[in-house]
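*Asks:* Sequence:
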Amino acid sequence: IPGTWHVSSEWGGDYVISRFPILEEAVLTSSWRSMAVLLDTEAELGKNILIINSHFSCCGANEGRQQQVDELIGVMRDWMKPENWTGPFYLEMDTPIFHVGDFNLVGYRQQLLTLTEGDIVDEESYGDDFLPDWDESFITDLFSHHTGIRMGYTWRSDGSSFSPGKLDYILYTDSILEIAKHYVLNTMAMSEEELDQYNLEEWDVYLASDHMPRVVDILAVNVTPDVEEEGSLPEVFRLYPAYPNPFNASTTITFSVEMNGHAFLQIYDITGRLVATLVDEQLLPGEYETVWDARKVSSGVYLVTLQIGTAVKSQKVVLLK
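Be aware that the sequence shown starts at 54, since it is given in the numbering used here, and climbs by one per residue.
Since the hints were derived computationally from the structure, they do not count as laboratory data.
Only true hints are included.
Calculated pairs, EDC-like style, for lysine to aspartate or glutamate (alpha carbon to alpha carbon, straight line, at most 16 Å):
hint, residue 1, residue 2
1, K134, D182
2, K100, E231
3, K234, D270
4, K369, D322
5, K219, D194
6, K219, D155
7, K234, D194
8, K374, D346
9, K134, D147
10, K374, D172
11, K369, E231
12, K134, D181
13, K100, E145
14, K366, D188
15, K369, D188
16, K366, E311
17, K349, D322
18, K369, E189
19, K134, E145
20, K369, D147
21, K100, E77
22, K219, D263
23, K134, D188
24, K100, D147
25, K134, E189
Throw the hints in and build the complete structure from the sequences for me.
*Replies:* Structure (structure tokens):
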């Protein structure tokens with residue numbers, strides 16, 4: 054493909070190749086199985102993007118993989134928390150993060166839980182658990198379908214003792230990033246018309262690798278301004294962080310209103326289904342507090358949404374039972 058490409062150093066056999074200049078790069082773990090690069094995307098997206106590229110141990114090495122993911126989450130905790138900051142290079146708060154690569158997760162489910170929920174198994178060696186998104190919630194595991202068929206595996210080898218599986222992951226901080234289109238490229242499942250349209254051949258993916266490419270488009274990076282611009286509209290309400298979060302059974306939600314208005318405080322699950330309406334009434338200026346009793350819903354990530362007029366604010370909360 055013509056044009057300028059930027060290539061990172063090689064860390065444990067892994068590279069990051071980018072159209073955007075690479076500002077910083079480093080190996081993150083003692084096994085050299087996770088690396089990070091900071092891409093210069095501020096002009097295009099409003100913020101630079103951190104790419105973490107991991108290639109964890111293969112096949113039956115469950116204990117080794119767990120050690121590798123435990124260590125990585127411990128590194129990310131100390132890197133992302135400003136009160137005890139240590140890291141290979143400076144990482145600005147709310148930097149969008151993609152964690153990608155061949156994770157080789159063919160064994161215990163705990164390894165994925167550690168990566169997405171920050172549940173460290175060996176806390177004696179790697180420290181306390183850590184919720185790996187900036188808003189102190191789970192990081193999102195993006196599930197993509199194949200082009201042409203409703204399958205989600207990214208690796209297949211018909212002569213192997215392992216069944217086809219999703220080995221190649223895209224995790225991202227959905228508190229900062231909004232995703233548009235995404236898919237697993239499977240040329241063997243595409244029609245002749247589609248192959249011709251994109252100048253592809255049926256066996257392209259098969260001949261290139263036993264892993265299928267994953268593609269994701271970024272819709273937006275949510276940038277919070279540091280200061281209020283002159284002439285901007287005044288803030289009509291504030292939604293404060295729920296406490297506790299994560300929580301078990303109930304959490305307290307506090308918000309303030311600066312002017313009269315009809316307020317809706319509602320809870321949605323991650324599919325967009327309305328779970329509860331906590332407030333639906335006309336309010337006067339002031340501070341309000343309500344408790345969400347979540348004993349009748351299952352564990353998971355939920356969205357707290359406050360709307361007054363056309364203005365909307367939201368935050369994620371995590372229910373753990």
